[in-house]
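There are 2 protein chains.
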Amino acid sequence: MPKIVDHEERRKIIAKATWNVIAREGLGGASVRSIAKEANLSLGAVRHYFQTQEELLEFAMQLVQEQVTERIMEHIQSHLPPKDQVLNILMELIPPEEKKIEMQVWLEYISYKIRKKELQKESVHEVIVEILHRLQKAGLLKEDILLEEEIVLLHALIDGIALHILMGLVPIERGRIRYLLEKELNRIFVE
Amino acid sequence: MPKIVDHEERRKIIAKATWNVIAREGLGGASVRSIAKEANLSLGAVRHYFQTQEELLEFAMQLVQEQVTERIMEHIQSHLPPKDQVLNILMELIPPEEKKIEMQVWLEYISYKIRKKELQKESVHEVIVEILHRLQKAGLLKEDILLEEEIVLLHALIDGIALHILMGLVPIERGRIRYLLEKELNRIFVE
Numbered sequence: 001m002p003k004i005v006d007h008e009e010r011r012k013i014i015a016k017a018t019w020n021v022i023a024r025e026g027l028g029g030a031s032v033r034s035i036a037k038e039a040n041l042s043l044g045a046v047r048h049y050f051q052t053q054e055e056l057l058e059f060a061m062q063l064v065q066e067q068v069t070e071r072i073m074e075h076i077q078s079h080l081p082p083k084d085q086v087l088n089i090l091m092e093l094i095p096p097e098e099k100k101i102e103m104q105v106w107l108e109y110i111s112y113k114i115r116k117k118e119l120q121k122e123s124v125h126e127v128i129v130e131i132l133h134r135l136q137k138a139g140l141l142k143e144d145i146l147l148e149e150e151i152v153l154l155h156a157l158i159d160g161i162a163l164h165i166l167m168g169l170v171p172i173e174r175g176r177i178r179y180l181l182e183k184e185l186n187r188i189f190v191e
Numbered sequence: 001m002p003k004i005v006d007h008e009e010r011r012k013i014i015a016k017a018t019w020n021v022i023a024r025e026g027l028g029g030a031s032v033r034s035i036a037k038e039a040n041l042s043l044g045a046v047r048h049y050f051q052t053q054e055e056l057l058e059f060a061m062q063l064v065q066e067q068v069t070e071r072i073m074e075h076i077q078s079h080l081p082p083k084d085q086v087l088n089i090l091m092e093l094i095p096p097e098e099k100k101i102e103m104q105v106w107l108e109y110i111s112y113k114i115r116k117k118e119l120q121k122e123s124v125h126e127v128i129v130e131i132l133h134r135l136q137k138a139g140l141l142k143e144d145i146l147l148e149e150e151i152v153l154l155h156a157l158i159d160g161i162a163l164h165i166l167m168g169l170v171p172i173e174r175g176r177i178r179y180l181l182e183k184e185l186n187r188i189f190v191e
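First to last, the sequence lines map onto chains A and B. Start counting the first sequence at 1; every next residue gets the next number (UniProt numbering). Start counting the second sequence at 1; every next residue gets the next number (UniProt numbering).
Among the clues, some could well be false.
The list treats identical chains as one, so a pair stands whether inside a single copy or across any two.
With a straight-line Cα cutoff of 20 Å, these simulated EDC-like cross-link-like pairs (lysine to aspartate or glutamate) come out [claimed, not checked]:
no., residue 1, residue 2
1, 142, 66
2, 183, 149
3, 137, 84
4, 121, 144
5, 100, 118
6, 113, 6
7, 100, 66
8, 117, 97
Rather than coming from a laboratory, the hints here were simulated on the basis of the structure.
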């Protein structure tokens, strides 16, 4: 009888091994071989999921996006007031200490896409565009703001803070970061 | 008679070849060999400047820092009012189209340093810390601001916008970005 393998479970194990190798060695050091070793699996088991370095990176990034999307969906389904919901979602885009590795995979991913000139859309950007458009449609934003500029500002703040946390340059706590983002939202929300 | 080589000139040629290779292939694809080929020089001529991949990256980054520092020094020596001076300096940290490659080298540099857990200080961060401290000392900033938080916000904005320009996600012009940064400064400057 063939061994029953939980494919979803195995996919996650391999993706996380991929994250570890990328975080340690960069994309340049990540290969099917190094990831198989990290995951304690055969080359064949890993090759089932990706073969080229590009597929490897897409595979690693896919799980990051799934996990972030899942966390965001929970906030969307909550019954909190809009501003609290938005703040909760924005804070998901700034990973806490134990999720820094997601951000590191993201950083390798965008570096790769910039090099290949293949970056057409980006998920954090899409989340922010979507949030601000929804808020505007719901009449929750001041009328004199320029949405295009507010998207640039909020996206820069979120990715900038996330990047600087990864770089170890942010000396303030998450509660304080949340408070700063709240002040930003207060600036554009109707009273 | 030995050929006279302008060392400073050659150093810059090799550094720019290094930028090109890093921008195209990433750090993983950059080697003494690929850079010698890009610069049309012998392996020996390139090995004079760096031998390991880490030295290669430090070498490439050094010229980025020198050039940005040079541009910043010009603004510091200008006789403009403080806010204009600061705005000019901040805009140097957001590279225009033709200087995007500097930002790409910077991105590879910080990714590498994050992986190696070697990032102790970072030059853009140091510039922003220095600017805000000087402004505060000169009595130009409001008394009720928390400098630590303003550093986090301004640094995030600058690096976030720069990164997103590199990613092709910023649809607004430099003049508009400057205006947004000016509004940020107005918030913390004394009237």
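Consistency of the hints with the structure:
Taking the shortest alpha-carbon separations for residue 142 and residue 66, neither the intra-copy value of 33 Å nor the inter-copy value of 43 Å comes in at or below 20 Å. For the homomeric pair residue 183 and residue 149, the shortest alpha-carbon distances inside one copy (17 Å) and between copies (12 Å) are both at most 20 Å. Taking the shortest alpha-carbon separations for residue 137 and residue 84, only the intra-copy value of 17 Å comes in at or below 20 Å, while the best inter-copy value is 37 Å. When the C-alpha separation of residue 121 and residue 144 is checked against a cutoff of 20 Å, the pair qualifies neither within a copy, at 28 Å, nor between copies, at 40 Å.
In the homo-oligomer, the alpha carbons of residue 100 and residue 118 lie at most 20 Å apart only across protomers (16 Å), although the nearest pairing inside one protomer, at 24 Å, exceeds that limit. In this homomeric assembly, residue 113 and residue 6 never come within 20 Å of each other (Cα to Cα): the closest approach is 32 Å inside a single copy and 37 Å across copies. In this assembly of identical chains, residue 100 and residue 66 lie within 20 Å of each other by CA distance solely inside one copy; the values are 16 Å within and 31 Å between copies. Proximity of residue 117 and residue 97 under a CA criterion of 20 Å is satisfied inter-copy only: 14 Å between copies versus 30 Å inside one chain copy.
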